[in-house]
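Residue numbers (my numbering), protein chains in the order written: chain A, 1 to 289; chain B, 1 to 515; chain C, 1 to 275.
Quick caveat, the hints were computed from the structure, so don't treat them as lab data.
Residues on chain B that point at chain A, a partial pick, calculated with CB under 7 Å:
#: 1; residue: E87
#: 2; residue: G116
#: 3; residue: P288
#: 4; residue: I468
#: 5; residue: E472
#: 6; residue: V475
Calculated lysine-lysine pairs in the PhoX-like style (CA-CA distance at most 20 Å, straight line):
#: 7; chain 1: B; residue 1: K252; chain 2: B; residue 2: K500
#: 8; chain 1: A; residue 1: K7; chain 2: C; residue 2: K100
#: 9; chain 1: A; residue 1: K62; chain 2: B; residue 2: K493
#: 10; chain 1: A; residue 1: K59; chain 2: B; residue 2: K493
#: 11; chain 1: C; residue 1: K104; chain 2: A; residue 2: K10
#: 12; chain 1: B; residue 1: K325; chain 2: C; residue 2: K47
#: 13; chain 1: A; residue 1: K10; chain 2: C; residue 2: K102
#: 14; chain 1: B; residue 1: K42; chain 2: C; residue 2: K220
#: 15; chain 1: A; residue 1: K144; chain 2: B; residue 2: K285
#: 16; chain 1: C; residue 1: K219; chain 2: B; residue 2: K74
#: 17; chain 1: B; residue 1: K285; chain 2: B; residue 2: K275
Derived list of chain B stretches under chain A, where covered just means 3 residues or more per stretch with a C-beta under 8 Å from a C-beta of chain A:
#: 18; segment: 226–240
#: 19; segment: 290–303
#: 20; segment: 457–465
Just so it is clear, CB atoms sit at the ideal spot from N, CA and C, and this is done for glycine as well.
Chain by chain, the residues run as shown.
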Amino acid sequence: MIFNREKNVKFVFLLPAVIFVLTLVIFPLVYSLRLSFCLARFGRNPIFIGLENYIDLLKDYKFWGTLKITLIFVLLTVSIEFFLGLTLALLFNREIRGRRYFRALLTLPMFATPVAIGYLGMTIFYEEAGPINNILALIGGPQKVPWLSNPTLAFASITLLDIWQWTPFCFVILLAGLQALPEQVYEAASLDGASGVQSLRYIILPLLGPVIVIVLLLRTVEAFKVFDIPFSLTGGGPGRATEFYSLFTYRTGLKYFNFGYASSLAYILLAIVILIITLFLKRVREVFE
Amino acid sequence: MQSRKKIFGKMRNFVIGTLVGSIVLSISGLTIAQEKPFSGKKITVAVLASGPKGPISAPLYYWRDKWEERTGAKLEIAEVPFGEMHEKIMTDLITGAGVYDGFITFSGWYGDYIAGDYIVPIEKYYNDPRFPKWSKETVIPALRDKHTWKDVWYGVPNDSDAQILYYVRSALTNPAYQAQFKEKYDYDLPVPPRTWQEVRDVAEFFNGWDWNGDGEPEYGIVAPLKVGEQAVHHFLSMAASFSVLPGPKIDKYHNTYYFDPETMEPLINQSGNIKALETMIELLKFGPPGMKTWSLGAGFDFFVRGKAALTWSWGDIGSLAQEEKSKIKGDCGCAPMPGSMYIWDREHQKSVHKYNFAGNTVGGSWHGVISRLSENPEVVYDLYAFQASKPINMWNMMTGYTGIDFGRTFHFLPPYGPASLDEFIKFGWDATDIQEYGEAYYENYTAPVMFEYLRILGTDEYWSILDIHLSEAYVGRETPKEALDRVYDEWVKTTKSLGKAQQLKLYQESIGYKK
Amino acid sequence: MGNVFVLLGVLIAVIWAFSPFYWAIISSFKLPEDTFTISYIPFFQFKPTLQNWINEINFRGREIWNGIKNSIIVSISASLLAIFLGTMAGYALARFNFQKMKNKDIAVFFLSQRILPPVVMVIPFFLIMKSLKLLDTRLALILINTVFSLPFAVLIMRSIFKELPAELEEAALVDGCSRYSAFLRVLLPLAIPGLVATGMICFAFTWNEFLFALVLTYKKAVTMPIVIAGTAHTRGVDFWYVATRSLFAIIPPTVIAIALQKFIVRGLTFGAVKG
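With the rest of the complex left out, here is chain A (with noise of 0.2 Å):
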């Protein structure tokens, strides 16, 4: 049988898998690199314009600003994230009363529908009467701070939104992590007399290392294309403080319905992901081979 010889077995179980995505990816994806080249505004046919969506973007000083407030986002979020998840994922590896409750509440907010997050944070952070700035008031802090029309508070509101609905997700993984190490691990650590800080930075931090890439690796992915937050509760402004790049590509694409800029500014980022993983996250490559 042709699926049982061993060099076809690996194909076996590749390819359904790839043979999906790729029928149902195939024609979206020549369709909008297609596109990418093209001036194709509305419903017409079209016109064939090389690279000029290219080069127009690299001078539209609307593609960097979004760029750059997308990447200090994506260094924010994740590096927060990451960390507030292990120290999370820290603390829940030991026996605490009631320990299976309390993570299954601390992984309530990634199942919360992000457009309601945003919606609801109109009222929370409302500054004229909303609970965080009455709470501020309450204990001796500022009083009425501008959480969504000044715009460096915008975006760290949408920053804070965002690490709360996403740090379970690092802190589901990182302790998973961490509750595979073997005993001994811990054991050693103690018997070295090592301190704790000492054992995490020379002991456990080097054997999650690959929890660690993967966690990283999922959550830059998915910050860069952070969209549903800011869309409801900033719409990108003021201004344009939280116009994030998937709002932009958004709103060129199906707002302006500018399909061929759009495109070109997807498939820029694609590169600039890819870019950035290949790069940065060096040890991807130690996970992936």
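Starting from the structure of chain A, add chains B and C where the hints point.
Structure of chains B and C alone, referenced to chain A:
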């Protein structure tokens, strides 16, 4: 014998059959053709999603059973989230999917429809006696062009939109406050303010202290200015008076706002608009700082709860103020939008310092149009005509939650129209409020100068670009001049990518420019 | 001493994670006009009302129920399909060497399906579904969500299989099992907790997916995020209905998450560790 019987039988059957048939036909002619003309037909109409009790979609739900009973057709209401409505409709049209037979549309999308030939005129149905009767004459002239293209009707009237100024009457007419105001500004407190300079002073005067005695300080003015929603219309309705130069006809220099109708050059960074934007930024100082990111509802809510002395917006406030939760029922003063004491004359490149006021029709004026892809256009038309007929439209307008705003000729009270004050009072309106409201709208719609309505291909894109840069200016990330210069550059780019010649043609047609 | 800090940390984390839900719950019991007033404790600070819930069930009950049903069917089907395909592909990438193509490149190929902004794929997908007559069907959403969940399934399952010692299968192969039965009988049972965890993550992403559901559905197949987006209309957002609807939407995943809770961490325990 058998064969004779057979023949006879056949004949008899034939005769009876014919008789019965003709009776059935004549009866069905009466009942089906006249009373249930569209039995078995089904139409799908897209409307923004706000449910059976929410704005714009409510009337479709409320009247659905009656309409279905009358026509025998079935109405499928396809709700689309408001923020994504345009892309949903355009996707349907561009790809030829044809799921929707019609849509309750925003008037600003006409350019997209006309450029793509996506909607059908209703003229041939209008005089057809099969359909419910409504009259074109009941659509105020200023609003007619929202439903037409080059004088051909495509839309059936439903909602009427324009912005006016609202003020808390008891605050502005308080004698003690009036005296204080006079002392401070050296002129009488204007009730209502008629220019933006006066609005500025009144807003400043009422800002930051407790003038309604509820123990908390109030604000001078409120305007919801969240980017990506409806803030741009709040700017346009005010900037119009700074920029639209009156003249005998629509020409290169007069009665235009967006573009030079001869060259398609954007006029957005002309001096009048910069002045308007500066005024707007000045006004922001006298309102809640958060309003720069409020969506429309938050602004309505704030004003109706009596937290600000002034606002300007659509007719919704007038009816929301009558509802139970309102703190300003009977206290909701209305006036036309203020004018400007500054207007830019492009022809002579100089500013003119005399009172100028341009009426506006900004907003959706949400109404039905019929998709070119529909297989049952006449059924769709019947639904729209039914909703447009006087008794039904009147009920829709009176009932606050429908979001159908004031503006057909028969909505107006004497001396402007035939409506009855008692009716309004029966629906819970305060008598003074409705009278001022009607008057303000009448003045707005009959203003000698009207602010044009942008209806070219990609209108949403032009507005959105303006909206974003206005917001940048509100939060101080760009100066007014920088912001509007950028809008100019981006509008030029947009026009180029959409095809300048076609855009110019659409623009001229949409504003009725003739050489 | 240390334990006090741990407990305090856990407590803060739980409060932090839960407080927005608490805000949603109290908002859903407030009258619309009280939305923008500050009060946290029902009965003491404000009089709770069931009005919003009653309105929702009366006027929007059908849409919400339809949305929840569609969301559950689409999310579960897409997750199962993604796990099925992802497990096989993950196994292949973990155990075999695809010399010419490089395992890394194949993994990046799967990952790149998640990188590309969905906006550019929406119109071509619409055209495909239109020609297949699948517009406004759950099948269309299932297929597309499977594509976009697969990267998670492949990457996570791959590390789970790498975690399991290869000797297990080798022993089975020596005993005369085929590759397939070694995989099915020996390896897969050990990976089941990992499957569940992966499924949960795929479920979460499908559950929250907005753009494709928006463009590809009209009425029958509308999912919960679209129903929630319908709370924003010309007069702004009905915050009270955002609250009720997002609470409706959080119930099914919560039930599933709690039911499967013990699998999640135990499952990932096997996974991803020694790369």
